[in-house]
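Enquirer: Guided by the hints, dock chains B and C onto chain A, whose structure is given.
Chains as they are written, first to last, in the working numbering: chain A, 38 to 356; chain B, 10 to 255; chain C, 9 to 298.
These are computed hints drawn from the structure, not numbers from a lab. The structure displayed is predicted, hence computed values, not measured ones. Glycine is no exception: its CB is placed at the ideal position from the N, C-alpha and C atoms. Check each hint, because a few of them may be wrong.
[To be verified] To spell it out: a stretch of chain C is covered by chain A in this simulated footprint if at least three of its residues, at any positions, have a beta carbon under 8 angstroms from a beta carbon of chain A; those stretches are:
no. : segment
1   : 109-122
2   : 172-182
3   : 253-266
4   : 278-288
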Amino acid sequence: MKSISAITVVLILMLPIPWLVQSEFFLNFAIMLLFSAFLGQAWNVLGGYGGQFSFGHAAFFGTGAYATAVLQTAFGINPWVGFVLAGLAGAGIGLVVGFLSFRFGLKGAYFALVTLAVAEVLRILANTADFTGAGVGILIPLDQGAANLQFADKTGFYLLALALVALGLFITAHLDNSRFGARLMAVRENEDAARASGVNVFEIKLRAIALSSSLAGLAGAFYTQYFLYLDPTIAYGPTVSIEAILVPIIGGTGTLFGPLLGAAALHTISEITQHVAADAPGLNLVVYGVLLVFMVSFLPSGLWGLATRLRRRKMDLSN
Amino acid sequence: MLKTHNISKSFGGLRALNAVTLGVTNGEIVALIGPNGAGKTTLFSVVAGFLSADEGTVSFNGTDISDEPPHRICQLGLARTFQIARPFAGLSVRENIAVGAHLHIARHREALAKATDVGSMLGLGDILDQGAKGLSVASRKRLELARAVATKPKLLLLDEIFAGLNPTEIEEILPVIREIREDGVTIVLVEHVMRAVMRLSDRVVVLNNGEVIAEGLPDAVVANARVIEAYLGTGGYTDSAEVAGA
Amino acid sequence: MPDLELLVPSAINGLTTGAVYAVIALGLTLIYGVLHIINFAHGSLLMLAMYGVFFLHSLFGIDPYVAIPIMVPAMFGLGYGLQRGVIGRASHGKDENILLVTLGLAIVIDNLALYLWRSDTRIIDTPYAFATFEFGPVLVSTPKVIAFFAAVAIATLFWLLMTRTDLGKAIRAVAKEKTGAQLVGINVDHVYAMSFGLGIACLGAAACLLLPTFYVSPQVGSAFVLIAFTVVVLGGMGSFMGAVLGGLIIGVTESLGGLYLGESLGQIGIFVLFILVLLFRPTGLMGQQS
Chain A
38 MKSISAITVV LILMLPIPWL VQSEFFLNFA IMLLFSAFLG QAWNVLGGYG GQFSFGHAAF
98 FGTGAYATAV LQTAFGINPW VGFVLAGLAG AGIGLVVGFL SFRFGLKGAY FALVTLAVAE
158 VLRILANTAD FTGAGVGILI PLDQGAANLQ FADKTGFYLL ALALVALGLF ITAHLDNSRF
218 GARLMAVREN EDAARASGVN VFEIKLRAIA LSSSLAGLAG AFYTQYFLYL DPTIAYGPTV
278 SIEAILVPII GGTGTLFGPL LGAAALHTIS EITQHVAADA PGLNLVVYGV LLVFMVSFLP
338 SGLWGLATRL RRRKMDLSN
Chain B
10 MLKTHNISKS FGGLRALNAV TLGVTNGEIV ALIGPNGAGK TTLFSVVAGF LSADEGTVSF
70 NGTDISDEPP HRICQLGLAR TFQIARPFAG LSVRENIAVG AHLHIARHRE ALAKATDVGS
130 MLGLGDILDQ GAKGLSVASR KRLELARAVA TKPKLLLLDE IFAGLNPTEI EEILPVIREI
190 REDGVTIVLV EHVMRAVMRL SDRVVVLNNG EVIAEGLPDA VVANARVIEA YLGTGGYTDS
250 AEVAGA
Chain C
9 MPDLELLVPS AINGLTTGAV YAVIALGLTL IYGVLHIINF AHGSLLMLAM YGVFFLHSLF
69 GIDPYVAIPI MVPAMFGLGY GLQRGVIGRA SHGKDENILL VTLGLAIVID NLALYLWRSD
129 TRIIDTPYAF ATFEFGPVLV STPKVIAFFA AVAIATLFWL LMTRTDLGKA IRAVAKEKTG
189 AQLVGINVDH VYAMSFGLGI ACLGAAACLL LPTFYVSPQV GSAFVLIAFT VVVLGGMGSF
249 MGAVLGGLII GVTESLGGLY LGESLGQIGI FVLFILVLLF RPTGLMGQQS
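Chain A with its partners taken away, still in its complex shape (with noise of 0.2 angstroms):
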């Protein structure tokens, strides 16, 4: 399948970068890149693929980064097996949501005003509970080592964000090859045609949910393995929401290569703009939410999208 080599090529290409590369601050630049790469693509699930556009992703995120680091420093469960714990989580939460959301015929405007509460009510909980450490957040020690997946080396995090990457992209294709993927589409598109056609609408938004928001905890587990410190701010707030929503819009929503030539977009502009701007604060932000408005109003369809435009366009002049 078409898709399944793409894939294969992107991956051999973005393998080898550890060992090509010298620079410590590239290495960092590109799992940053990953990361919000895979947090994109969790988000287009649901948001691409699906239509549902939730505006609180960092819901899903914030739970599995505490569900991981509870785990660890509270009961000392491996971290391998606080990740995939993490991605359990991250799907409870959004199942939860989900049920209720769409049991209730939430959709457009008010679904994302949902997931926008949920994420700020886990955030004032987050801030206040004793096992979540409060506002104080969570530290976890250091202990290096593969098994505890704390990597000495960036590499190791490179390989793991890498093979996160990778997963997303076989999900993501999947869903553009298979019946799950085609009735999601088609609840995007119009959700009583969908049901004229034989379409369990409920069921269908219920699965999208699902695997969205396990991405999500999946990443927010990665995050708290890399940095070993999280607070309610940085795994409920506003932040990873938007990333989570910008990455999809600027590289194209709803399709295969769209989070990642977003995250390689969006981080690459962040770059400029904190060497430009040093470390202003909240002015990487502003140039998050001028992105926002000018993809919107000019290129709806994503950078992917003006490139098969190109292309086509291309096509079009040599016949």
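Expert: Structure of chains B and C alone, referenced to chain A:
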């Protein structure tokens, strides 16, 4: 095959359907006609599960489907098209039809192949890879039909499939519908285009103000005084017989 | 368990806060009712207005209440310009796009504020800041009482505008039936921009009423936006009466919630209420079916 019994449905103070009882037998083409606002599309929506009736039951092949959701009813073999076509705009024509095909086919590639077959049979062969957005009215209607047919229905409800088509396009779709019936599908059409009604249907049912006012062979129904009165009013005449005579 | 002596002042306090919430919500519900836009930037624009009032006071010594005739037209102009220049152009009419555009605006405004003014909270000092007003056996803070009556006055003015003026009629016409309004010669783009402007003008007024007793910081925007939405959803999207009722109910809920559950958990009460209303009664207490 399909039986509705005493279906009533009101919207606020407006009684859209009043104790509608009718039956459709296997293999026939039945036309449901009546003036605007007679309740035809409402009846379709109730039968297909998009609306729930206030009173009455619907049964399909012996199963009570009155409270079933639309996707369940489609799974049981009853498919419908919408009066204003609802394509999946972001998908291609083939992918649109494939969604219907997926009802019985699990593998995506197979569903796409089936979609190609159904699409070709319905005259969409040339535009299968085009996006469903921006299609002409006639193509949109064919797509609506193709998607419904791809679900392998036993009964097909067509809501004004001929509306908005010019005479040539109507002539082109008529044999397609007959072919669908030949494949063993029972068809109920809501129609205003009388030419299609007369040429296609075995039986006609007339709805007015939410009630069945006439039923029978096409020729008999169009001559029926009450039917004429429903469409044209009495024009000053005081009884139906005079209307018929005039 | 806090007893009646704390309950009544708390409730009255909530009513005064709620009145200001109502003014904020009036703007939001107008924007939704006419343009069918969920304005995610509403809280951010309020925050901007609050900074406006703050700087008018700290730089020019202008009292917040005196600033009302300055802030209201200024915010109206800003709103008009945003709708005409950015939102109307960017969204190409598609609903999902509008969501994202207003979200983008909110992000830009919130973080521009963060960049320009850092995250310190600022407060203003007015001579009447700690004055109190006797309301029977209860002492209520004077600025809050002023806020309450001012909010009621503004809501009334608003209602008069909507029902008695030509502009109001045009706005209601466009809200009900855009195409029909166009056919009778109403300039819909202009009405859209006017409506958005009016909605944001409300924020100018609300900011003036809030500053005497409230602080301003860049985060204030996101704090208010969810409250504003909760009010509007509770009261019913598009219903002015609902916005007023909703505002008062939320104000009291927040106050009592803070009393019983403490500051931060009290906030949760609002969000939970919001989610519950969305799930079980999305048309709100008085709303129209959307």
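Enquirer: Run every hint past the structure and note whether it holds.
Expert: Here is how each hint holds up against the structure:
1. 109-122: As far as the segment 109-122 of chain C goes, the hint holds, because 13 residues have Cβ atoms under 8 angstroms from chain A.
2. 172-182: violated (count 0)
3. 253-266: violated (count 0)
4. 278-288: This one holds; 7 residues, not fewer than the three required, reach chain A with a Cβ under 8 angstroms.
Hint check: violations occur at hints 2 and 3; the rest are consistent with the structure.
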